[in-house]
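If you're matching them up, the sequences are chains X and E in order. Just so we're aligned, residue 1 is where the first sequence starts under the UniProt record's numbering, counting upward by one. Just so we're aligned, residue 1 is where the second sequence starts under the UniProt record's numbering, counting upward by one.
Among the hints, a few may not be true.
Because identical chains cannot be distinguished in the list, a pair is counted as satisfied if it fits within a single copy or across any two copies.
Subject to a maximum C-alpha distance of 20 Å in a straight line, what follows is the list of computed EDC-like cross-link-like pairs (lysine to aspartate or glutamate) [what the hints assert, rightly or not]:
#	residue 1	residue 2
1	Lys216	Asp269
2	Lys6	Asp249
3	Lys6	Asp275
4	Lys216	Glu256
5	Lys6	Glu41
6	Lys6	Glu289
7	Lys216	Glu177
8	Lys6	Glu256
9	Lys216	Glu289
10	Lys4	Asp53
11	Lys216	Glu174
If you're looking for bench data, these hints aren't it; they were derived computationally from the structure.
There are 2 protein chains.
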Amino acid sequence: MTVKFKRVALIGLGLIAGSMAHAIRAAGLADEITGYARSAETREIARQIGLCDRVLDSATEAVEGADLVVLAVPVGAMGPVAQEIAPHLASGAILTDVGSVKQAVIEAVGPHVPAGVHFIPGHPLAGTEHSGPRSGFATLFQNRWWLLTPPPDTDPVAVQRLTDLIRAMGANVEIMEPAHHDLVLAVTSHAPHLIAYTMVGVADHLRRVTEGEVIKYSAAGFRDFTRIAASDPTMWRDVFLTNREATLDILGRFTEELFALQRAIRMGDGQQLHDYFTRTRAIRRGIVEAGQDTSAPDFGRSQPPADAAGPAPNPPAQKAGEKPVA
Amino acid sequence: MTVKFKRVALIGLGLIAGSMAHAIRAAGLADEITGYARSAETREIARQIGLCDRVLDSATEAVEGADLVVLAVPVGAMGPVAQEIAPHLASGAILTDVGSVKQAVIEAVGPHVPAGVHFIPGHPLAGTEHSGPRSGFATLFQNRWWLLTPPPDTDPVAVQRLTDLIRAMGANVEIMEPAHHDLVLAVTSHAPHLIAYTMVGVADHLRRVTEGEVIKYSAAGFRDFTRIAASDPTMWRDVFLTNREATLDILGRFTEELFALQRAIRMGDGQQLHDYFTRTRAIRRGIVEAGQDTSAPDFGRSQPPADAAGPAPNPPAQKAGEKPVA
Chain X
1 MTVKFKRVAL IGLGLIAGSM AHAIRAAGLA DEITGYARSA ETREIARQIG
51 LCDRVLDSAT EAVEGADLVV LAVPVGAMGP VAQEIAPHLA SGAILTDVGS
101 VKQAVIEAVG PHVPAGVHFI PGHPLAGTEH SGPRSGFATL FQNRWWLLTP
151 PPDTDPVAVQ RLTDLIRAMG ANVEIMEPAH HDLVLAVTSH APHLIAYTMV
201 GVADHLRRVT EGEVIKYSAA GFRDFTRIAA SDPTMWRDVF LTNREATLDI
251 LGRFTEELFA LQRAIRMGDG QQLHDYFTRT RAIRRGIVEA GQDTSAPDFG
301 RSQPPADAAG PAPNPPAQKA GEKPVA
Chain E
1 MTVKFKRVAL IGLGLIAGSM AHAIRAAGLA DEITGYARSA ETREIARQIG
51 LCDRVLDSAT EAVEGADLVV LAVPVGAMGP VAQEIAPHLA SGAILTDVGS
101 VKQAVIEAVG PHVPAGVHFI PGHPLAGTEH SGPRSGFATL FQNRWWLLTP
151 PPDTDPVAVQ RLTDLIRAMG ANVEIMEPAH HDLVLAVTSH APHLIAYTMV
201 GVADHLRRVT EGEVIKYSAA GFRDFTRIAA SDPTMWRDVF LTNREATLDI
251 LGRFTEELFA LQRAIRMGDG QQLHDYFTRT RAIRRGIVEA GQDTSAPDFG
301 RSQPPADAAG PAPNPPAQKA GEKPVA
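With the sequences and hints as input, model every part of the structure.
Pasting the structure below:
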């Protein structure tokens, strides 16, 4: 049984929508893909690279006659866009989104959804630190999780249809409560991103260490923070503003823990530090075992050549995972 | 001009010493490599895999007749090891170390160094999150920085000789003041590592989100923190205890910044957040331009196949960089 949509409308043509366009085409999942982006420049690039079959100059035109509409704009823009397109949605259409926060999107979009349209909020845990219409690629969702948070009364046939599409793009689907989604993501994504942004900001401000040296010697750990902190500013501003409560809760816990470790350093409590660092290794093992990363060393950056003297601890396998942005 | 040592003695047989053994052999930089590790199990593994030409059962035997001795043990163990081997060091030998902290190593080792032995403290900014005698490989130091912090009165011929060896292993050498080294590394490595350990610890403690979910959905950013937080506990305990002042200084600045961003989230100040996240992008660009990472998306984990529909933003080039552990 192959899922097929007549017309998929992508509203917002950034990394996620672009990757969906590539993946949908690669697997032949839609007869036609239409697209719209607020920026004329983005629409122009999308047309040049043939990202969609048709790029329209308004969201209302793009959703006309679509049986699947995907809102792929920053979380803060979801509500206004939904309000604009609502009168133009076809009866029986599925409306989904790819926002990193779910409760706020449901509150903003839900009231505008007309009867007969199936609103199924979603969030693909996939991405890179790049953004824009050129940044997408067909394999972005391979082996990634795609969380759906449909309201309890959602038509199960519509949920199944969207699930089939997502699976056909290579991702795994999980159904989740919106509030639980927002808490889990605060831990696994939102708090880590804010922390990375903060550490990069500290380095930027530090006068005694020049920026040149921070950059030159960045490979010692800091570099990975800068990669996270290079993600799209608008998207992340909206994530923090709309998942405020859960993010602040996790950051509060983080600060408590950090103070405890700072105190251990100040007091010279080596045992406490060693115990703590030993516990954190177990979580890492779990992630490798769960297939969400490999145990190849060095973030996959170092691939000892086959003729290198001596064995590498693990085969430098091609990574299946990706660095999602939210 | 090719540098060549008669006998290189490696004290401690973990990731760095093991990689040195492979690199020295691959480039033919020594007639003989001897080794010693405190753990009988490590010595046995090193013998089985032929890591050194000879693995000795004491550090004093290992350094006998060596013209280069490398201390590759945790920073906290440097002093006692130096004291033990000091009477057995050959006159004219070069003594170096690979510790992630330099002032504390100089204080601990310096007083034991006999006249006629050239003590040149060093720190290769290279590594992975793995440890132990099996974890090394010959290309670990390729295109990495190797910082040396020789005292002002060090024999320049000895410094040149060590520099030649390091360059022959593929690394770039820079001379630096020990105090400045410790501050730069606090920013680029030590504080980021403590922060990663802390975030992983928070996730571990969180009761409302099960560990299973944290692991399952780790790909959303958290995963990279767990990789950093899987590094060797003993090594890192010693780093924080011996670079206490600089690390606490940077962590204090980090907490200030984090509080400012938390406040912006709480007050709903989107402009402040957006401005901050925009600034941090510039640092990332600098790192890519400095050749310490590539702009390929996804930590190099995602490699869009050549036949993927649509262009990837950057060629998924093989990474030259590596994730150093200190």
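Discussion item. Tell me the hint numbers this structure goes against, listed in increasing order.
Written reply: Violated hints (numbers, rising): 1, 2, 3, 4, 5, 6, 8; every other hint is consistent with the structure.
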